[in-house]
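K.L.:
One letter stands for each residue in the lines below.
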Amino acid sequence: MNVHINGENYPCASGLTIGQLLTRLNLQQDRVVIELNQKILNAADNINTKLHEADKLEIIQFVGGG
Amino acid sequence: MITIQFNEKSLTLHKKTSLFELRNQRQADADILIINGFPVTEDAPLNHGDRVVMIKRGAIPDAEQLESLMLARHTPGIHARIARSRVGIAGAGGLGSNVAIALARVGVGELIIADFDVVEPSNLNRQQYFIDQIGLPKVFALRENLKRINPYVNIEIFNGRIDQQNLTHVFNNIDVMVEAFDAPDQKAMLTVAHLQQAPDCPLVAASGMAGHASSNSIQTQHVRKNFYLVGDQTTSAMPGQGLMAPRVSIAAGHQANAVLRLLLGEQPE
Numbered sequence: 000m001n002v003h004i005n006g007e008n009y010p011c012a013s014g015l016t017i018g019q020l021l022t023r024l025n026l027q028q029d030r031v032v033i034e035l036n037q038k039i040l041n042a043a044d045n046i047n048t049k050l051h052e053a054d055k056l057e058i059i060q061f062v063g064g065g
Numbered sequence: 000m001i002t003i004q005f006n007e008k009s010l011t012l013h014k015k016t017s018l019f020e021l022r023n024q025r026q027a028d029a030d031i032l033i034i035n036g037f038p039v040t041e042d043a044p045l046n047h048g049d050r051v052v053m054i055k056r057g058a059i060p061d062a063e064q065l066e067s068l069m070l071a072r073h074t075p076g077i078h079a080r081i082a083r084s085r086v087g088i089a090g091a092g093g094l095g096s097n098v099a100i101a102l103a104r105v106g107v108g109e110l111i112i113a114d115f116d117v118v119e120p121s122n123l124n125r126q127q128y129f130i131d132q133i134g135l136p137k138v139f140a141l142r143e144n145l146k147r148i149n150p151y152v153n154i155e156i157f158n159g160r161i162d163q164q165n166l167t168h169v170f171n172n173i174d175v176m177v178e179a180f181d182a183p184d185q186k187a188m189l190t191v192a193h194l195q196q197a198p199d200c201p202l203v204a205a206s207g208m209a210g211h212a213s214s215n216s217i218q219t220q221h222v223r224k225n226f227y228l229v230g231d232q233t234t235s236a237m238p239g240q241g242l243m244a245p246r247v248s249i250a251a252g253h254q255a256n257a258v259l260r261l262l263l264g265e266q267p268e
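Note that the protein sequences, when read in sequence, are chains A and U.
For the first sequence, numbering that gives the first Met the number 0 gives the first residue as 0, with consecutive numbering after it.
For the second sequence, numbering that gives the first Met the number 0 gives the first residue as 0, with consecutive numbering after it.
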């Protein structure tokens, strides 16, 4: 199936979870802000949430410093 | 007869009155004269509608005088809007202390500042504290410094950790929220919680301002409705790439200007 991440097409296996996606993208769940189809998600609570065809994701990972 | 604003009060004058004549009549000891936002040193004729402010150098103005001086310095209409505003700042480190000072100088009416930490020697490389404040809780030290700049800003402080449960309680009724934490997991926690719990209040967060890479790589980005992100989004604080005053204050300047633009109903990016 295909999902869209930050505006770009991303082919992946159907049933991929958000946790698996973050691992693939080398992102840390406690540092990211995820928007799935316009909805802001708490990553830790959605590790097992499955993605579906044409889902639109925006993912931002914070880096340290301030 | 002409009518002018003299120290922010309406005053009617004979048509031919000059600036120096007005000073001699009203405030002979004033040595700073401002017409329509610009300090002047030479006598000038006064015109109907002019805003004239006179001050004696070194004298501490009261709240009303400071208000009128700031008004004189700002583009008309701007000051009144920001003076009514209430801005939340989560974190009083390199970002938060700089953002708070910029917003106090610009005349934001109310600031709510939260931090759980104390001032440490290593903070002095970029944070707006002084050596004699080491050991003080940052929120107390910052309030003290802000009061020295503008004693008439209303400052609320929260000396503790912000979490998903207390976020909207601590930062209640704000017009704009500033994420100014240091740790990436705290930044993400606050951003997620704010966007979920206060979706109608704009958030200005920051990510990526360590080291000494080009200043121009720090940008203000509109990520989604009511979410703005400042920084280069890549340079993380790590061994060999520390946080330093210039880029941290550039990022804080971006954040403060984004806040100002939001308060004035303009898009930050």
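None of these hints come from the bench; they were simulated from the model.
Backbone N, C-alpha and C define an ideal beta-carbon position, used for all residues, glycine too.
Mixed in with the good hints, there may be bad ones.
As the list claims (entries may be wrong) - Chain U regions said to be covered by chain A (calculated; three or more residues, Cβ under 8 Å): (1) 3 to 10; (2) 53 to 67; (3) 88 to 96; (4) 183 to 192.
K.L.:
Next, verify each hint and record whether it holds.
P.N.:
Tested hints:
1. 3 to 10: Violated: only 0 residues of the stretch 3 to 10 of chain U have a Cβ under 8 Å from chain A.
2. 53 to 67: Since 0 is below three, the answer is violated.
3. 88 to 96: holds (count 5)
4. 183 to 192: holds (count 7)
Violated hints, listed in ascending order, are 1, 2; each of the other numbered hints is respected by the structure.
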